[in-house]
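Engineer: Between the sequences and the hints, there should be enough to build the whole structure, so can you do that?
Here's the letter readout for the chains.
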Amino acid sequence: MGKENIEEILKNIGSEEIPADVHKIAQETSNNFSSSLKQTRQPKRLIVWEYIMKSRITKLAAAAVIIIAVLISMNILDKTIPTASATVVLQNAVNAVSDLWSVHMKARMRTLPSDNFSNIGLNYDFVDIEMWKGTNENGLVQWRVEKPGRVLLMDGQSTIMLIRPNYGVLEERPLPLGCFDSWSGRLLNVQGLLDDELQKAKNIPDRAISLWREKVEERDKIVLEVDITTDVPEDDYLRNKFIQDSDHVKVYRFDAQTELLEGLQVYVHTAGEDVLIFEVTDIEYNIEIDDGVFALELPENMVWHKEPEILPDNEKYGQMEPKEVAQAFFQACADEDWDEFLKFWMASEAEQRIKDYLGGLEIISIGEPFKSSQYSGWFIPYEIKLRSGDIKKYNLAIRNDNPAHRYNVDGGI
Amino acid sequence: MKQSERLEIFEKLRAEYSVFLLSVLWRLTGDRELFTEAMQYTLMGMWEHIEKLNGRKAGAYIYRIALTANSRAWRNRIGRNGKFARSQIDIDQDPGEKLDRVELTAKVRKAISRLPDKQGRAIVMRYLEQHDYETISEKLCCTKTSARSHVSKALAALKDKLATFA
Numbered sequence: 001m002g003k004e005n006i007e008e009i010l011k012n013i014g015s016e017e018i019p020a021d022v023h024k025i026a027q028e029t030s031n032n033f034s035s036s037l038k039q040t041r042q043p044k045r046l047i048v049w050e051y052i053m054k055s056r057i058t059k060l061a062a063a064a065v066i067i068i069a070v071l072i073s074m075n076i077l078d079k080t081i082p083t084a085s086a087t088v089v090l091q092n093a094v095n096a097v098s099d100l101w102s103v104h105m106k107a108r109m110r111t112l113p114s115d116n117f118s119n120i121g122l123n124y125d126f127v128d129i130e131m132w133k134g135t136n137e138n139g140l141v142q143w144r145v146e147k148p149g150r151v152l153l154m155d156g157q158s159t160i161m162l163i164r165p166n167y168g169v170l171e172e173r174p175l176p177l178g179c180f181d182s183w184s185g186r187l188l189n190v191q192g193l194l195d196d197e198l199q200k201a202k203n204i205p206d207r208a209i210s211l212w213r214e215k216v217e218e219r220d221k222i223v224l225e226v227d228i229t230t231d232v233p234e235d236d237y238l239r240n241k242f243i244q245d246s247d248h249v250k251v252y253r254f255d256a257q258t259e260l261l262e263g264l265q266v267y268v269h270t271a272g273e274d275v276l277i278f279e280v281t282d283i284e285y286n287i288e289i290d291d292g293v294f295a296l297e298l299p300e301n302m303v304w305h306k307e308p309e310i311l312p313d314n315e316k317y318g319q320m321e322p323k324e325v326a327q328a329f330f331q332a333c334a335d336e337d338w339d340e341f342l343k344f345w346m347a348s349e350a351e352q353r354i355k356d357y358l359g360g361l362e363i364i365s366i367g368e369p370f371k372s373s374q375y376s377g378w379f380i381p382y383e384i385k386l387r388s389g390d391i392k393k394y395n396l397a398i399r400n401d402n403p404a405h406r407y408n409v410d411g412g413i
Numbered sequence: 414m415k416q417s418e419r420l421e422i423f424e425k426l427r428a429e430y431s432v433f434l435l436s437v438l439w440r441l442t443g444d445r446e447l448f449t450e451a452m453q454y455t456l457m458g459m460w461e462h463i464e465k466l467n468g469r470k471a472g473a474y475i476y477r478i479a480l481t482a483n484s485r486a487w488r489n490r491i492g493r494n495g496k497f498a499r500s501q502i503d504i505d506q507d508p509g510e511k512l513d514r515v516e517l518t519a520k521v522r523k524a525i526s527r528l529p530d531k532q533g534r535a536i537v538m539r540y541l542e543q544h545d546y547e548t549i550s551e552k553l554c555c556t557k558t559s560a561r562s563h564v565s566k567a568l569a570a571l572k573d574k575l576a577t578f579a
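Protein chains in written order, with the working numbering: chain A, 1 to 413; chain F, 414 to 579.
Mixed in with the good hints there might be a few duds.
Covered by chain A, per the in silico footprint, the following chain F stretches (three or more residues, Cβ under 8 Å) [claimed, not checked]:
no.: 1; segment: 431 to 443
no.: 2; segment: 447 to 453
no.: 3; segment: 522 to 534
no.: 4; segment: 571 to 577
Taking lysine-lysine and the DSS-like style, the derived pairs with C-alpha atoms no more than 27 Å apart in a straight line are [stated by the list, open to error]:
no.: 5; chain 1: A; residue 1: 316; chain 2: A; residue 2: 306
no.: 6; chain 1: A; residue 1: 11; chain 2: F; residue 2: 566
no.: 7; chain 1: A; residue 1: 250; chain 2: A; residue 2: 221
no.: 8; chain 1: A; residue 1: 11; chain 2: F; residue 2: 557
no.: 9; chain 1: A; residue 1: 250; chain 2: F; residue 2: 574
no.: 10; chain 1: A; residue 1: 11; chain 2: F; residue 2: 531
no.: 11; chain 1: A; residue 1: 11; chain 2: F; residue 2: 552
no.: 12; chain 1: F; residue 1: 531; chain 2: F; residue 2: 557
no.: 13; chain 1: A; residue 1: 11; chain 2: F; residue 2: 520
no.: 14; chain 1: F; residue 1: 425; chain 2: A; residue 2: 24
no.: 15; chain 1: A; residue 1: 250; chain 2: F; residue 2: 520
These aren't lab readings, by the way, just hints derived from the structure by calculation. For every residue, glycine included, the Cβ atom is placed at its ideal position computed from N, Cα and C.
Structural biologist: Set out below in structure tokens:
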């Protein structure tokens with residue numbers, strides 16, 4: 001269709017008569033809203049408004065999903081306590097899941113198989129994620145979050161993240177779900193999740209929630225939609241690289257009868273389209289989970305994460321500017337000087353995989369460091385030629401918020 | 414600002430812009446359900462930003478609020494797969510009109526809801542409100558040439574978007 005046809009359609013739209021009943025709808029909608037505002041007796045305190053919008057269309061039954069009555073559209077207008085049915089619906093859902101002793105969830109996410117659990121890319125393919133949480137007869141809580149290149153396990157005593165094949169991060173204590181940026185792991189806290197969403201909706205500006213009821217294959221569903229606007233600028237390097245750094249909407253679905261969470265989809269808003277970035281594909285409640293799920297067989301040649309220690313010549317490294325750090329790091333790789341490499345690398349030793357990948361590289365260029373509003377360290381653009389002949393052009397992430405106060409590589413390899 | 418002051422400003426604006434909101438939102442939606450939703454979001458947006466609407470720039474703010482509300486209503490109703498649910502288009506209102514024409518018009522409306530802010534306002538002012546370029550340039554605080562450029566870019570963007578919907 002050409003511009004001329006579009007112009008013709010636009011002109012037609014512009015000259016259309018507005019039907020009489022639409023005038024009436026507009027008047028009613030506006031008056032109802034105004035009345036709701038005036039009815040509150042708690043001027044600055046209210047403030048969830050409800051609108052019962054009765055569907056004026058009788059032909060909404062085209063798809064499997066039927067909106068039987070556009071029920072409740074709820075918006076937070078202020079940072080105070082919400083009222084009435086929104087709370088009731090959420091509270092019922094919370095009650096329904098309070099006696100859960102196990103959850104098994106399957107999901108898919110546009111991420112990289114081995115990268116940070118929260119990492120996303122609008123153009124990435126979907127990667128499968130599987131998560132389990134169980135409470136045994138002694139009340140011991142265990143959980144596991146896994147994607148192809150990364151496993152995060154809390155066995156009740158300690159927490160281990162394994163980046164396959166053999167890099168590990170060990171914490172000798174049970175950490176909560178959501179640790180190590182395992183954003184999706186928080187979903188296993190089904191009970192806390194709902195409460196958390198409600199609290200955030202109340203307390204955080206630019207967050208709107210809506211609730212409505214749908215009918216899917218003759219079963220009633222309750223849908224909770226949370227629309228979140230990020231404060232990360234459009235031109236920030238980290239914008240849309242993590243879910244929390246994007247404008248996005250989360251759509252939760254509960255079964256209206258059991259009031260259990262049945263699904264979640266997360267869409268990132270972009271200029272053109274909403275991009276589905278995360279989707280729960282299956283949830284099972286109160287199933288037996290094999291003990292083996294909460295145990296991790298580690299390879300013999302594990303390389304462990306190690307926080308930077310103060311070196312005898314720490315000052316030399318502490319005084320390095322970000323660009324110098326990038327230069328020194330890549331030079332160590334080029335020279336295959338792995339002792340020097342470890343001064344910038346948070347590990348007990350250099351993994352063979354890294355040696356094979358970066359050893360003997362050739363530095364083509366190191367660019368000017370830049371910052372992101374969401375990251376305390378620096379990004380340094382670089383271009384290197386690997387021994388394989390491949391050219392890699394990316395941004396090295398470094399940070400120095402460690403006890404030794406010297407920059408270490410945090411990502412971007 | 415006191416609640417009574419907020420209410421007073423809101424009521425004044427509601428009266429002042431009722432015809433504008435009816436006209437623009439109906440032309441942007443063309444569907445009673447969408448229209449109602451867009452109208453509610455607009456009123457909500459006006460209430461949320463009432464402090465900003467107590468001045469000379471109220472009209473421009475309300476314009477933006479209305480277009481954002483329209484985008485949100487479309488996003489909610491189209492379906493996450495991006496496909497139109499035929500029932501959501503008011504085909505019964507024009508029984509004599511060919512279905513594809515009605516669908517095409519709905520697609521144009523959907524595409525408008527996804528235009529960048531300035532392009533969206535420019536196209537609405539030019540075609541849906543039928544303003545001349547002088548008026549558009551005043552409302553957008555730009556030159557007439559820029560106003561023409563916004564409209565032209567919007568038409569090109571609509572063409573692209575419609576191609577992707579096909």
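Engineer: Any of the earlier hints contradicted here, and which numbers?
Structural biologist: The structure breaks none of the hints.
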